[in-house]
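Enquirer: If you want the building blocks of each chain, they are given just below.
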Amino acid sequence: MRNYLLGSLEAERRAALEESILCDAGIYEELLVLEEELIDQYITNNLSPSERQQFETNFLVTAERHNNLRFGRLLRRYLDSQPVYVPPDDIPVTTVRHDEIDAPATKFFSFAAGSFARGAILAVSTAVVVSLVILTVLCWRASRKPEQPIVEANSSPPVRVTLTPGSMRSEGAVTPRVSVPPRGVNVRLDLQVSNPNFHNYKSELFRESKSLQTADELKAEPQGEQHVVPWTITGDVLSPGDYQVKLSGVVDSGADEFIDNYSFRVVKK
Amino acid sequence: MKHDWILSQEAFDDLLDWLDSDREQAGIKYEDIRRRLIKIFTGRACVEAEDLADETINRVTSRLSEIKEEFRGDRARYFFGVANKVYMEHMRRKQPQPPPPSTTDSHQVELEYRCLEHCIESLSEENRYLLLKYYGAEGSAKVDRRKQLAEELGIAPNALRIRAYRIRLALQDCVEKCIERSEE
Numbered sequence: 001m002r003n004y005l006l007g008s009l010e011a012e013r014r015a016a017l018e019e020s021i022l023c024d025a026g027i028y029e030e031l032l033v034l035e036e037e038l039i040d041q042y043i044t045n046n047l048s049p050s051e052r053q054q055f056e057t058n059f060l061v062t063a064e065r066h067n068n069l070r071f072g073r074l075l076r077r078y079l080d081s082q083p084v085y086v087p088p089d090d091i092p093v094t095t096v097r098h099d100e101i102d103a104p105a106t107k108f109f110s111f112a113a114g115s116f117a118r119g120a121i122l123a124v125s126t127a128v129v130v131s132l133v134i135l136t137v138l139c140w141r142a143s144r145k146p147e148q149p150i151v152e153a154n155s156s157p158p159v160r161v162t163l164t165p166g167s168m169r170s171e172g173a174v175t176p177r178v179s180v181p182p183r184g185v186n187v188r189l190d191l192q193v194s195n196p197n198f199h200n201y202k203s204e205l206f207r208e209s210k211s212l213q214t215a216d217e218l219k220a221e222p223q224g225e226q227h228v229v230p231w232t233i234t235g236d237v238l239s240p241g242d243y244q245v246k247l248s249g250v251v252d253s254g255a256d257e258f259i260d261n262y263s264f265r266v267v268k269k
Numbered sequence: 001m002k003h004d005w006i007l008s009q010e011a012f013d014d015l016l017d018w019l020d021s022d023r024e025q026a027g028i029k030y031e032d033i034r035r036r037l038i039k040i041f042t043g044r045a046c047v048e049a050e051d052l053a054d055e056t057i058n059r060v061t062s063r064l065s066e067i068k069e070e071f072r073g074d075r076a077r078y079f080f081g082v083a084n085k086v087y088m089e090h091m092r093r094k095q096p097q098p099p100p101p102s103t104t105d106s107h108q109v110e111l112e113y114r115c116l117e118h119c120i121e122s123l124s125e126e127n128r129y130l131l132l133k134y135y136g137a138e139g140s141a142k143v144d145r146r147k148q149l150a151e152e153l154g155i156a157p158n159a160l161r162i163r164a165y166r167i168r169l170a171l172q173d174c175v176e177k178c179i180e181r182s183e184e
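Protein chains in written order, with this note's numbering: chain W, 1 to 269; chain D, 1 to 184.
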């Protein structure tokens, strides 16, 4: 997609991608996000010389993109003038200015050299604040959702569902449905592919544009007269709703090539 | 193509009906298709991407009586086929020069900056925090900062990218409106 934006994608791949841009909301939004990232990389000199030239020649073709570049520069100017955030282990939204970060430690020593009473108050206050911070962090961690589980070996066989690519499904076709799997039971998605010759396959599971799981190193295998890319996902992340899977193929050079999207619906038992 | 064909309100209503029987949904689909066609023509380095997108929509609309009974499948794909033809015709015509980057005076730049400050202040605290933290870091710190932020918010890195982008888009929209108001 990056090559597409820089105008260096070969015609055949470009046509396939453009069709996805028109028909797939997820791909379209990904393109928009990448456009902004490319603009930022241009502004912050993070493009190679050849990419920079492609950006200026092929990307900056419309007034809209010039406006986006202009806004990107404006935002960068604002960000560069802003205080630096304290690392996230500390309380969010607390900020420290550059001059405070750069201030020598003498500030602290001059303060500590004050009266004993002031030092005692400081010690007690610090202890209370530190305790509160620790307590807050513990509560916050306890209330956080657990990290995304990886698919683990499970004694129960996975639920299997075969999915047809979005581009091959006829209009009005019913979206495949999967019942919410029992706890601990995984779901194996057999993603039908017309081209089984990619080196590897990469997949990403979305729900309402939120990425839930990814996998790479997937391989295609025959299934009857078709080929499928099997992908076993953690059943516990599935709750009733609509899901999408984005599948890409990895060519020998290591580059990704978008293949298709797949949809399924999880319903209550 | 019927070259003298003009998009009438009736034809436009037919197009909306074809896109979706629900008028509100049809309007959303129409806007979606138009925006994406513009993006496709832009991707092909067409300076007049908007004009070409409108031309594509006009052509589809002009053929509706012929296709609406027989066409099956995703309507958007039909637009893609027509867009390819519009593009090929466009390429046969003389290519206009790309527009020069707009130049503005320092007064204009300061106005834009004030609007940006105002719009950032109008963001919710959570969105402001995300925006500043997501876009604030550069270089090697950027990757770590964004990873930490995603963990902090309990969302996947890709979801964070999209969320940051949406905030940025809303911010840009706010700035453009602010500038328009200031210039009135």
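Keep in mind that a hint or two might mislead.
[Stated by the list, open to error] Below, simulated DMTMM-like cross-link-like pairs (lysine to aspartate or glutamate); rule was C-alpha separation at most 20 Å, straight line:
no., chain 1, residue 1, chain 2, residue 2
1, W, Lys210, D, Asp17
2, D, Lys85, W, Asp80
3, D, Lys39, W, Glu64
4, D, Lys39, W, Asp236
5, D, Lys147, W, Glu12
6, D, Lys39, D, Asp17
7, D, Lys133, W, Glu204
8, D, Lys39, W, Glu37
9, D, Lys147, D, Glu126
10, D, Lys85, W, Glu12
11, D, Lys142, W, Glu37
12, D, Lys133, W, Glu64
13, D, Lys142, W, Glu204
14, D, Lys142, W, Glu36
15, D, Lys39, W, Glu19
16, D, Lys133, W, Glu36
17, W, Lys210, W, Asp252
18, D, Lys147, W, Asp40
19, D, Lys147, W, Glu64
20, D, Lys39, D, Asp22
21, D, Lys39, W, Asp80
22, D, Lys29, D, Asp17
23, D, Lys29, W, Glu36
[Claimed, not checked] Stretch by stretch, here's where chain W covers chain D in the computed footprint (C-beta under 8 Å, at least three residues):
no., region
24, 6 to 12
25, 15 to 24
26, 54 to 67
27, 164 to 175
Rather than coming from a laboratory, the hints here were simulated on the basis of the structure. Glycine is no exception: its CB is placed at the ideal position from the N, C-alpha and C atoms.
Enquirer: Look at each hint and say if it fits the structure.
Expert: Structure-based check of all given hints:
1. W:Lys210 <-> D:Asp17: Cα-Cα ~31 Å, so violated.
2. D:Lys85 <-> W:Asp80: Judged against 20 Å, a Cα distance of about 46 Å means the pair is violated.
3. D:Lys39 <-> W:Glu64: Roughly 10 Å between the alpha carbons, so the hint for D:Lys39 and W:Glu64 holds.
4. D:Lys39 <-> W:Asp236: violated, 38 Å
5. D:Lys147 <-> W:Glu12: violated, 35 Å
6. D:Lys39 <-> D:Asp17: Judged against 20 Å, a Cα distance of about 24 Å means the pair is violated.
7. D:Lys133 <-> W:Glu204: The hint is violated at about 26 Å.
8. D:Lys39 <-> W:Glu37: Holds, because 16 Å separates the two Cα atoms, which is no more than 20 Å.
9. D:Lys147 <-> D:Glu126: Between D:Lys147 and D:Glu126 the Cα gap is close to 17 Å, so the pair holds against 20 Å.
10. D:Lys85 <-> W:Glu12: Holds: D:Lys85 and W:Glu12 sit about 16 Å apart, inside 20 Å.
11. D:Lys142 <-> W:Glu37: holds, 12 Å
12. D:Lys133 <-> W:Glu64: Violated. D:Lys133 to W:Glu64 sits at ~26 Å, over the 20 Å cutoff.
13. D:Lys142 <-> W:Glu204: violated, 23 Å
14. D:Lys142 <-> W:Glu36: holds, 15 Å
15. D:Lys39 <-> W:Glu19: holds, 11 Å
16. D:Lys133 <-> W:Glu36: It holds: about 16 Å lies between the C-alpha atoms, which stays within 20 Å.
17. W:Lys210 <-> W:Asp252: Given that 20 Å is the threshold and the Cα spacing comes to 29 Å, the pair is violated.
18. D:Lys147 <-> W:Asp40: Distance ~18 Å between D:Lys147 and W:Asp40 Cα, so the pair holds.
19. D:Lys147 <-> W:Glu64: violated, 30 Å
20. D:Lys39 <-> D:Asp22: Violated. D:Lys39 to D:Asp22 sits at ~26 Å, over the 20 Å cutoff.
21. D:Lys39 <-> W:Asp80: violated, 30 Å
22. D:Lys29 <-> D:Asp17: Within the cut-off at roughly 11 Å; holds.
23. D:Lys29 <-> W:Glu36: Outside the cut-off at roughly 24 Å; violated.
24. 6 to 12: violated (count 0)
25. 15 to 24: violated (count 0)
26. 54 to 67: With 0 residues close enough to chain W, the hint is violated.
27. 164 to 175: holds (count 6)
Hints 1, 2, 4, 5, 6, 7, 12, 13, 17, 19, 20, 21, 23, 24, 25, 26 from the earlier list are contradicted by this structure; the remaining hints agree with it.
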